[in-house]
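Q: These are the residues of each chain, in order.
Number of protein chains: 2
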Amino acid sequence: MEATRISLVQPQGATRLVVASEPDGWLAEELAPWVAGRQIFVVTSERPWQLHGAALHGALGAAAGHRVLPVPDGEEAKSLAQAERLWRALCAEGGKRDSRIVAFGGGSVGDLAGFVAGCFLRGIAVCQVPTTVIAQVDAAVGGKTAVNLPEAKNAVGVFHHPELVLADPRWLATLGIRDLRSGLAEVVKMAVLFDLALLERVEKTLGALERGEPEAWGPVVAASQTIKAGVVGRDPAESGERELLNFGHTLGHALEAGLGFGRLLHGEAVIYGMLFALRLAEARGEGAEVAPRLRRLLAALEPPPLPALDSDDVWSRLGRDKKAREGMQRWVLVDRPGRGRVAALPAAEVRPGLKEFLARPWGSC
Amino acid sequence: MEATRISLVQPQGATRLVVASEPDGWLAEELAPWVAGRQIFVVTSERPWQLHGAALHGALGAAAGHRVLPVPDGEEAKSLAQAERLWRALCAEGGKRDSRIVAFGGGSVGDLAGFVAGCFLRGIAVCQVPTTVIAQVDAAVGGKTAVNLPEAKNAVGVFHHPELVLADPRWLATLGIRDLRSGLAEVVKMAVLFDLALLERVEKTLGALERGEPEAWGPVVAASQTIKAGVVGRDPAESGERELLNFGHTLGHALEAGLGFGRLLHGEAVIYGMLFALRLAEARGEGAEVAPRLRRLLAALEPPPLPALDSDDVWSRLGRDKKAREGMQRWVLVDRPGRGRVAALPAAEVRPGLKEFLARPWGSC
Chain A
1 MEATRISLVQ PQGATRLVVA SEPDGWLAEE LAPWVAGRQI FVVTSERPWQ
51 LHGAALHGAL GAAAGHRVLP VPDGEEAKSL AQAERLWRAL CAEGGKRDSR
101 IVAFGGGSVG DLAGFVAGCF LRGIAVCQVP TTVIAQVDAA VGGKTAVNLP
151 EAKNAVGVFH HPELVLADPR WLATLGIRDL RSGLAEVVKM AVLFDLALLE
201 RVEKTLGALE RGEPEAWGPV VAASQTIKAG VVGRDPAESG ERELLNFGHT
251 LGHALEAGLG FGRLLHGEAV IYGMLFALRL AEARGEGAEV APRLRRLLAA
301 LEPPPLPALD SDDVWSRLGR DKKAREGMQR WVLVDRPGRG RVAALPAAEV
351 RPGLKEFLAR PWGSC
Chain B
1 MEATRISLVQ PQGATRLVVA SEPDGWLAEE LAPWVAGRQI FVVTSERPWQ
51 LHGAALHGAL GAAAGHRVLP VPDGEEAKSL AQAERLWRAL CAEGGKRDSR
101 IVAFGGGSVG DLAGFVAGCF LRGIAVCQVP TTVIAQVDAA VGGKTAVNLP
151 EAKNAVGVFH HPELVLADPR WLATLGIRDL RSGLAEVVKM AVLFDLALLE
201 RVEKTLGALE RGEPEAWGPV VAASQTIKAG VVGRDPAESG ERELLNFGHT
251 LGHALEAGLG FGRLLHGEAV IYGMLFALRL AEARGEGAEV APRLRRLLAA
301 LEPPPLPALD SDDVWSRLGR DKKAREGMQR WVLVDRPGRG RVAALPAAEV
351 RPGLKEFLAR PWGSC
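Residue numbers (our numbering), protein chains in the order written: chain A, 1 to 365; chain B, 1 to 365.
Keep in mind that the hints are not guaranteed to be accurate.
Chain copies aren't distinguished; within one or between two, either way the pair holds.
[As the list claims (entries may be wrong)] Straight-line distance between alpha carbons at most 27 Å, and here's what the computed BS3-like set of lysine-lysine pairs gives:
hint, residue 1, residue 2
1, LYS355, LYS204
2, LYS153, LYS355
3, LYS153, LYS204
4, LYS355, LYS96
5, LYS204, LYS96
6, LYS153, LYS96
Read the hints as simulated data drawn from the structure, not as lab findings. Here the structure is a predicted model, which means the values were calculated and not measured.
Given these sequences and hints, build the entire structure.
A: See the structure below:
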């Protein structure tokens, strides 16, 4: 694909986003001026680095020096212990205010590396090079960084926007079907809220997307980043429109936590979260126009069956404090295709349907 | 003293600063609306909490609930382990995005609590209630937060501005003479750079200040916060004028690190740092007008003698990378009373005088 270039103006400056798969070497060419003459730390995990790390080689020669700092694959990377290990490595290697970090990998690598960059010497510049669907279409854009605590996911983090985001959809061909579909769930979420042309594209090219074909993924990644950058640009601090991007995530996070992280992939949990939000809307007589279409598409993503869950446990995770459990809860609902809204629903309206939903998330059919 | 109110507009919003010592209960009255109806976490250390914590009692009743989270006194508070302990406590106690932190104590308590607030759920609001000179005149204003690593002081932190800073100079009466004088070093630093009336006030009321008399300290704290808030408001990210506040800190930090933290108080190290910066200026034929006056005042603060230090070791800490050791170094110099500047000095111009300085910091006399 030709390069798609997006510019995002955010409170900390500007982010330049490039999605491209040709010509060969495009990424090194984009990255070289950004690393030129500086001390560079590449935070990455084994799998993406072995498969695709060569894409950086042509650029790193322009740096004053570089170190590759490996972290575990997946959610395990997102711990304070890993962050501390990286900060100490940065110190030991002479990291300074003008040193820079390149995050090369999936969403967890990006979240950790972004957090480490955001707090080292009160913030050094970071470039996100996302290698998975979920990172390319969503996580790498918008400046949210975090690590987990035993008590809660993403409990410790900062907003720290990357200066540069470079994504090559060719890498997605090496992902497994579950990772591809999990990432598609986030694409579908953004498309149904903001971009019906993208929704239609996903429906029509689903087969090619599920095979990880770069020609199919290129425009989908570009369109997703365009949506995300637009929303973040208009509402960087999540005080309004950006909250819509939590569609499917309210219950999704509770499911992930209730099951123990890793039982369902993030996007799979979000699929069930969107299904539940559809039910909440339908119970209010809303969403009739969008529900069948969205359900059909989510079903096509074939998430693993929802394991048995105690609805009291899930409920307690939904409303972490008494106010949310007994008063009003904020839910993102989709009114009709292309339009979402944040609704304050009485907890008493949400609770009764939860048990039934957990038993039969796809409905009575 | 009557209340002095300062407003600081910074990139994250606005900070309201109040310095006052009357009427009794003024602080609780200022704080109550800010904590009203919210979950409040008070981060404090044993000494200030026992001596002065009662000042908060009248306000905390307005909160939905509050927890006091004690941390060690002094620099020991500023560790990732302490930050992690606090984050986990916040999670365990149901801390949410709209929960708030009150930092009650010295500079270390404020640095830690500000960092914890800045990273919890990507940032919750914090009120700084500084109880020591150095915290009241300097550290509580400007949003710098950090913890230390074994490798380097303040290596991990964020800019996270308090919404509110409340300072009562009456508390300074319970400090020891070394803490008072160490704090005065930061006052002198700001006064000589920005406010000659304040410099004169310090010279004239030094005795009362060294006895911790609130009537003497009130206007000094207020004037210092006014200077700091002005500089931070004009240059929040330390890309220009704010760098002047590093006067005395370039060598000061290296001395603290070389001696092992705790041998000299921070302000004492800064006194020696200012003395060295005076020499650098004098070697260039600058600062003749200010040097004798500043030296006289710093001598009156009677810092402990500078322990023996290896100049190679101090030099390596001054320039953490080859570029700084062999090329140009940035030093803050005072040209004349009330005017400082950042000078790029060749390392070769700085190095020769260092050994001589460490042996006789006060000069040949």
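Q: Give a verdict on every hint.
A: Hints, one by one, checked against the model:
no.: 1; hint: LYS355 - LYS204; in the structure: neither (34 Å within a copy, 75 Å between copies)
no.: 2; hint: LYS153 - LYS355; in the structure: within (24 Å within a copy, 52 Å between copies)
no.: 3; hint: LYS153 - LYS204; in the structure: neither (35 Å within a copy, 56 Å between copies)
no.: 4; hint: LYS355 - LYS96; in the structure: between (53 Å within a copy, 26 Å between copies)
no.: 5; hint: LYS204 - LYS96; in the structure: neither (49 Å within a copy, 42 Å between copies)
no.: 6; hint: LYS153 - LYS96; in the structure: between (30 Å within a copy, 13 Å between copies)
When held up to the earlier numbered hints, the structure conflicts with 1, 3, 5 and fits the remainder.
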